[in-house]
Amino acid sequence: MSTPQTLYEKIWNAHVVEQRDDGTCLIFIDRHLVHEVTSPQAFEGLRAAGRRVRRPDLTLAVPDHNLPTTARLDQNGQPIPIADPESAQQLEALERNAPEFGIDYINASDAKQGIVHVVGPEQGFSLPGTTIVCGDSHTACHGGLGALAFGIGTSEVEHVLATQTLQLTRSKSMEVRVEGELLPGVSAKDVVLHITGVLGAAGGSGHVIEYTGSVIRALSVEGRLTISNMAIEHGARAGLVAPDDTTFAYIKGRPMAPAGADWDAAVAYWRTLATDAGATYDKVVSIDAADIAPSVTWGTSPEDVLPITGIVPEPSAFADPSKQEAARKSLDYMGLTPGTRMTDIEVQNIFIGSCTNSRIEDLRAAAEILKGRKKAANVKWAIVVPGSGLVKQQAEDEGLDRIFTGAGFEWREPGCSACLGMNPDKVPAGERCASTSNRNFVGRQGPGARTHLVSPAMAAAAAVTGRLTDVRELAS
Amino acid sequence: MKAISRVEGRAYPVGLKNIDTDVIIPAVWLKTISRVGLGKGAFESLRAVPGNVFDDPEYAGAPILIAGDNFGCGSSREHAAWAMADMGISAVIAPSFSDIFSGNAFKNGLLAIVLPQAAIDRLMEVARTDDIHIDLETQTVTTPFQDRFEFEIDPFRKHCLINGVDEIGLTLKSSDAISAYEAKLSADRPWLAPNQV
Ligand code: SF4
Chain V
13 MSTPQTLYEK IWNAHVVEQR DDGTCLIFID RHLVHEVTSP QAFEGLRAAG
63 RRVRRPDLTL AVPDHNLPTT ARLDQNGQPI PIADPESAQQ LEALERNAPE
113 FGIDYINASD AKQGIVHVVG PEQGFSLPGT TIVCGDSHTA CHGGLGALAF
163 GIGTSEVEHV LATQTLQLTR SKSMEVRVEG ELLPGVSAKD VVLHITGVLG
213 AAGGSGHVIE YTGSVIRALS VEGRLTISNM AIEHGARAGL VAPDDTTFAY
263 IKGRPMAPAG ADWDAAVAYW RTLATDAGAT YDKVVSIDAA DIAPSVTWGT
313 SPEDVLPITG IVPEPSAFAD PSKQEAARKS LDYMGLTPGT RMTDIEVQNI
363 FIGSCTNSRI EDLRAAAEIL KGRKKAANVK WAIVVPGSGL VKQQAEDEGL
413 DRIFTGAGFE WREPGCSACL GMNPDKVPAG ERCASTSNRN FVGRQGPGAR
463 THLVSPAMAA AAAVTGRLTD VRELAS
Chain U
65 MKAISRVEGR AYPVGLKNID TDVIIPAVWL KTISRVGLGK GAFESLRAVP
115 GNVFDDPEYA GAPILIAGDN FGCGSSREHA AWAMADMGIS AVIAPSFSDI
165 FSGNAFKNGL LAIVLPQAAI DRLMEVARTD DIHIDLETQT VTTPFQDRFE
215 FEIDPFRKHC LINGVDEIGL TLKSSDAISA YEAKLSADRP WLAPNQV
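Chains as they are written, first to last, in this note's numbering: chain V, 13 to 488; chain U, 65 to 261.
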């Protein structure tokens, strides 16, 4: 019998084109997603060197980061020009580069347009057992389908465009096992926030993490994508969830996925990928579902996680002196005093969106809380930004948009929006935002913006009360 | 990539851990379609604090930066490496780096040197008054006070950095192997070819 292997080892081994003596491997890339921010310099590099894109058929381009989330077309169906000249220039560059290099391009007013990490799985472009890259760190998201997916820089984008490969060294492997049953009010987002709190922002450094255990198995694909999305927030190179019947049911029938006899062959292959009994990981971390509460961040690193019932920590309570210093800086930036109950913190902004939490299930969870309720008077700005045009359509078919607008939310066009301070959607300096995104870094949602990361249901609950709120108080 | 083998001069003693790429270069600066000119936006939020090291004339033009654990965590934006190169930084020394940042640094000939926290503490002290020397050939960081710290580096990366190797050019030499892999893939897993949207 051959040596038992982990899911990661199997995918890695199936993609080695060449191995050098020092262990570095030339790894084949099955899928390459391209967006407007990290690609212009890569295409420029190709042009300067007279190189072409080796496999345009394995490459898909879609704009998301820069796009305003207000209406894209005027009454006559004509595209509305983008006001910011630099954003417009970057979007035009992608619109030009994609056809020039023969790459499929989903344009801003296409119903298929959306955040690149929502579009890939939704279109059936992202598949189990594949290697997927994108010039974006949350590419780990696609690992929720059992793909080895990771973010790359622009030079690597250029390298993949030119060669369809990357020079890589193998990462270590880690298993994060979450067993038990989730408590009421606890979602996939709370699970991944909790994991990040336990591991720390650098805890997964140098590792590819496989999330296992009964909790992960019971999650929908949407939930698994949410977990894997934030692998990078605990420092991991990539996150993985073994593909199973839940995964196959999600992929079947998607436009770019295998069909007919190809489908059966694909599923047969995907079934061989699960980690073998007896395979070992370099590190194993076990988490008990009973320890996971609806969670929220208090600081400016995603590791600064507390249960919603918690209180703002005293910096001196941290053992590590550099963490004490970081905590003091965080609290100063966040305008928080140690000892404050998290549920006493008022919020002025609510953002439901981002590649972490903008899929249909996320919108349903938020709408469930908002049904028949209104946002509090002190909440000045509340927006819902669906992850793609197709998610938006489905939500409208289900009547979710009316629940949101009835509660005082704005219902927007798909894009990255207030996840990063790059397009017009920004949180004003000094104000707080309960946000379903993945990063609470200094300035992430706009200069001086104060971010509290939460689940969609928790964001909805905060909208209703105007302060960070334990969703269990509002759940029916 | 430009070749690099030695870096010497003053070092910005920053020391903080978890310096993320939004701190190195905020998103609002990412709308450029060029690799140069990003130095102006580098470390904007740290620079907003009076008395910060970046605006202290003592460190003007320093080619080295010293930081804490997990430097460059966060986004994959290569703009972080471009911004640091644009402000004249050639090397960062820290106890650990995010994987993506160290890859991006390498592609741009920016040294990302890992040393233990004790060495970082000592270098932070020296940086306040004196130059620091980095020699890639001998894999050492030294100070005028006889401190000598050895660092590890992947031999392939070292070779590329010292010789300024064009990595894409190097990989293209393996074109035949890539073609052979592609042929095998279409035979073994023909269903992998995506249906076009
Ligand atoms: S939604 Fe946020 S995290 Fe996701 S790709 Fe866009 S900017 Fe990145």
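Some hints here could point you the wrong way.
[What the hints assert, rightly or not] Straight line, CA to CA, 16 Å or less: simulated EDC-like cross-link-like pairs of lysine to aspartate or glutamate: (1) U:K248 with V:E30; (2) V:K383 with V:E358; (3) U:K222 with V:E410; (4) V:K341 with V:E358; (5) U:K222 with V:E21; (6) U:K237 with V:D274; (7) V:K184 with V:E21; (8) V:K124 with V:E112.
[To be verified] Facing chain U, from chain V, some residues (calculated, C-beta under 7 Å): (9) V29; (10) L38; (11) R64; (12) Q102; (13) R249.
Since the hints were made in silico from the structure, they are not lab data. All C-beta atoms in this analysis are idealised placements derived from N, C-alpha and C, irrespective of residue type, glycine included.
Query - Numbers of the earlier hints that this structure fails to satisfy, in rising order - result: Result: hints 2, 3, 4, 5, 6, 8 and 11 break, sorted rising.
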